[in-house]
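Position chain B relative to chain A; hints supplied.
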Amino acid sequence: AQSVAQPEDQVNVAEGNPLTVKCTYSVSGNPYLFWYVQYPNRGLQFLLKYITGDNLVKGSYGFEAEFNKSQTSFHLKKPSALVSDSALYFCAVRDGDSGGYQKVTFGTGTKLQVIP
Amino acid sequence: DSGVTQTPKHLITATGQRVTLRCSPRSGDLSVYWYQQSLDQGLQFLIQYYNGEERAKGNILERFSAQQFPDLHSELNLSSLELGDSALYFCASSVNLPGETQYFGPGTRLLVL
Numbered sequence: 001a002q003s004v005a006q007p008e009d010q011v012n013v014a015e016g017n018p019l020t021v022k023c024t025y026s027v028s029g030n031p032y033l034f035w036y037v038q039y040p041n042r043g044l045q046f047l048l049k050y051i052t053g054d055n056l057v058k059g060s061y062g063f064e065a066e067f068n069k070s071q072t073s074f075h076l077k078k079p080s081a082l083v084s085d086s087a088l089y090f091c092a093v094r095d096g097d098s099g100g101y102q103k104v105t106f107g108t109g110t111k112l113q114v115i116p
Numbered sequence: 001d002s003g004v005t006q007t008p009k010h011l012i013t014a015t016g017q018r019v020t021l022r023c024s025p026r027s028g029d030l031s032v033y034w035y036q037q038s039l040d041q042g043l044q045f046l047i048q049y050y051n052g053e054e055r056a057k058g059n060i061l062e063r064f065s066a067q068q069f070p071d072l073h074s075e076l077n078l079s080s081l082e083l084g085d086s087a088l089y090f091c092a093s094s095v096n097l098p099g100e101t102q103y104f105g106p107g108t109r110l111l112v113l
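Taken in order, these protein sequences are the chains called A and B. Reminder that position 100 of the first sequence reads as 100 in our numbering, one-by-one numbering, no gaps. Reminder that position 48 of the second sequence reads as 48 in our numbering, one-by-one numbering, no gaps.
One chain only, chain B, in its complex shape:
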């Protein structure tokens, strides 16, 4: 158990809908990262937050957004969902010091029908 929690574990929804994925980082970790893992594109970095502020952006679509709250939990919002958004979404957290290790949550499996 990494100490990072994600909810829900599974999510089934329809095209065009909007969903929210939630992540609670390890105690003491200030940075939260979101990744998308799909069969054809591997593990793709989406976005990083540090202590409530966006710090780095990767291959995140405009239909997706994220935020980190004062209690350091984070939410990833996916809207106007398409079939191709079906994937595993992982959250990771770290202290955000040089050389820090990212610790991954168990993931949310999203299926868009």
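Looking at chain A on its own, in the form it has when it is part of the complex:
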């Protein structure tokens, strides 16, 4: 079975400081990893994904994530946080070796609060 852990329910960071939202995963095959963001009363928006290739993935709104196979992690990062980044962030994983019908498993979400 595959799983995702987001160990922090909430992350607080000052505006302008770098931010990190943590994610670790467990999957039997090759991991396909995703980050989504959810603003209040909105659906989830895709930020970035790792399928293969460079371990550092760049995505929307200046976010990036680093895939670390040995630590089974896929932490989301941004060099300089904006107040508008405040939202709920979800990490997700699916088994890349299981064809197109394997479900995606989402983490429990991390609330990011950027303090002005």
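Check the hints yourself; a few may be wrong.
Said to hold, decoys possible - With a straight-line Cα cutoff of 30 Å, these simulated DSS-like cross-link-like pairs (lysine-lysine) come out: (1) B:57 with A:22; (2) A:111 with A:77; (3) B:9 with A:69; (4) A:49 with B:9; (5) A:22 with A:49; (6) A:111 with B:9; (7) B:57 with A:69; (8) A:103 with A:49; (9) B:57 with A:49; (10) A:103 with B:9; (11) B:57 with A:103; (12) A:69 with A:111; (13) A:77 with A:49.
Hints are computed from structural coordinates only; laboratory data are not their basis.
Quick look at chain B alone, frame taken from chain A:
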């Protein structure tokens, strides 16, 4: 705008009732997924359809059912509603190739009184 539409946006109903939630996927997407998001259980995968056929099942209750029609829109039917079914219900769609991204609709907020 993801291109996925869901109706209605809000739904208020009573316990024991039945409701139908509707989802239209992005143009060209063959897969539709349904998720339930509640405060205490996070985002839970319910069910996936691909080109009209059920492909994967998650934590979907027997009181819930779904289908995908020939025009690829999907409906999620919730019956014998309970207070605990109050949640946000999201639909997502994808092309269903390896590594595909799921694109989410705006959700339907269901309140069972």
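Evaluation of the provided hints:
1. Between residue 57 (chain B) and residue 22 (chain A) the CA atoms are separated by roughly 28 Å; this keeps the pair inside 30 Å, and the hint holds.
2. At roughly 14 Å between alpha-carbon atoms, residue 111 (chain A) and residue 77 (chain A) fall within 30 Å of each other, so this suggested pair holds.
3. The straight-line distance between the Cα atoms of residue 9 (chain B) and residue 69 (chain A) is roughly 40 Å, outside the 30 Å bound, and the hint therefore fails.
4. Straight-line distance between C-alpha atoms of residue 49 (chain A) and residue 9 (chain B) comes to about 28 Å, which keeps the hinted pair within the 30 Å bound.
5. Restraint check for residue 22 (chain A) and residue 49 (chain A): satisfied, since their Cα atoms lie roughly 15 Å apart, inside the 30 Å limit.
6. Of the pairs offered as hints, the one joining residue 111 (chain A) and residue 9 (chain B) holds, with about 24 Å between alpha carbons and a cut-off of 30 Å not exceeded.
7. This hinted pair checks out: residue 57 (chain B) and residue 69 (chain A) have alpha carbons roughly 28 Å apart, not beyond 30 Å.
8. Restraint check: the Cα-Cα separation between residue 103 (chain A) and residue 49 (chain A) comes to about 16 Å, which is no more than 30 Å; the hinted pair holds.
9. Only pairs whose Cα atoms come within 30 Å are accepted, and residue 57 (chain B) paired with residue 49 (chain A) is accepted, the gap being roughly 23 Å.
10. Restraint check for residue 103 (chain A) and residue 9 (chain B): the C-alpha separation of about 25 Å stays at or below 30 Å, so the hint holds.
11. Taking the CA atoms of residue 57 (chain B) and residue 103 (chain A), the gap is about 8 Å. The hint holds against a cut of 30 Å.
12. As the CA atoms of residue 69 (chain A) and residue 111 (chain A) are separated by approximately 25 Å, the hinted pair is consistent with the 30 Å bound.
13. Distance hint between residue 77 (chain A) and residue 49 (chain A) is fulfilled; the C-alpha atoms sit about 13 Å from each other, no more than 30 Å.
In this structure, only the earlier hint numbered 3 is contradicted, and the remaining ones agree with it.
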